[in-house]
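Just so you know, we're using the working numbering here: the sequence shown kicks off at 1 and counts up by one.
Honestly, the hints are just simulated from the structure, not real lab data.
On a predicted model such as this, the values are computed, not experimentally measured, just so you know.
Treat the hints loosely; a few may be bogus.
To be verified - Cβ-Cβ distance ranges computed for the label pairs, FRET-style:
(1) Ile70 / Glu33: 26 to 36 Å
(2) Leu20 / Phe41: 17 to 27 Å
(3) Arg62 / Ser14: 13 to 23 Å
(4) Ile70 / Ser45: 12 to 22 Å
(5) Ile65 / Ala44: 12 to 22 Å
(6) Ser25 / Ile70: 16 to 26 Å
Stated by the list, open to error - The calculated lysine-lysine pairs, modelled on DSSO-like cross-linking and capped at a C-alpha distance of 27 Å, are:
(7) Lys69 / Lys46
(8) Lys46 / Lys8
(9) Lys42 / Lys8
(10) Lys76 / Lys8
Glycine included, each C-beta is placed from N, C-alpha and C at the ideal position.
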Amino acid sequence: MKTFSENKNEPIYSISTAVLLLHISVHTLRMYEREGLIIPFKRASKQRLYSRADIERLECIRTTINQMKIGINGIKTL
Numbered sequence: 001m002k003t004f005s006e007n008k009n010e011p012i013y014s015i016s017t018a019v020l021l022l023h024i025s026v027h028t029l030r031m032y033e034r035e036g037l038i039i040p041f042k043r044a045s046k047q048r049l050y051s052r053a054d055i056e057r058l059e060c061i062r063t064t065i066n067q068m069k070i071g072i073n074g075i076k077t078l
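From just these sequences and the hints, can you work out the full model?
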């Protein structure tokens with residue numbers, strides 16, 4: 001039987017799964033990466049993988065941007 005990892009830091013989500021969970025575009029997720037807001041795990045094949053902790057951090061970032069109307073530069077200073 002396959003068990004779900006309890007480790008929130010284990011990189012398990014592909015970029016396509018992450019954008020579906022977050023309801024954002026691949027472009028937006030990559031922009032957050034370029035801006036240093038998130039650093040995904042990268043396999044040797046260059047495939048990005050995100051952990052549950054990464055998804056939670058991005059959910060918090062999205063909430064802050066949308067509800068508090070804070071831009072990327074404001075998020076960086078938090």
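Hints versus structure:
no.: 1; hint: Ile70 / Glu33: 26 to 36 Å; result: violated, 19 Å
no.: 2; hint: Leu20 / Phe41: 17 to 27 Å; result: holds, 18 Å
no.: 3; hint: Arg62 / Ser14: 13 to 23 Å; result: holds, 19 Å
no.: 4; hint: Ile70 / Ser45: 12 to 22 Å; result: violated, 35 Å
no.: 5; hint: Ile65 / Ala44: 12 to 22 Å; result: violated, 33 Å
no.: 6; hint: Ser25 / Ile70: 16 to 26 Å; result: holds, 20 Å
no.: 7; hint: Lys69 / Lys46; result: violated, 33 Å
no.: 8; hint: Lys46 / Lys8; result: holds, 21 Å
no.: 9; hint: Lys42 / Lys8; result: holds, 17 Å
no.: 10; hint: Lys76 / Lys8; result: holds, 23 Å
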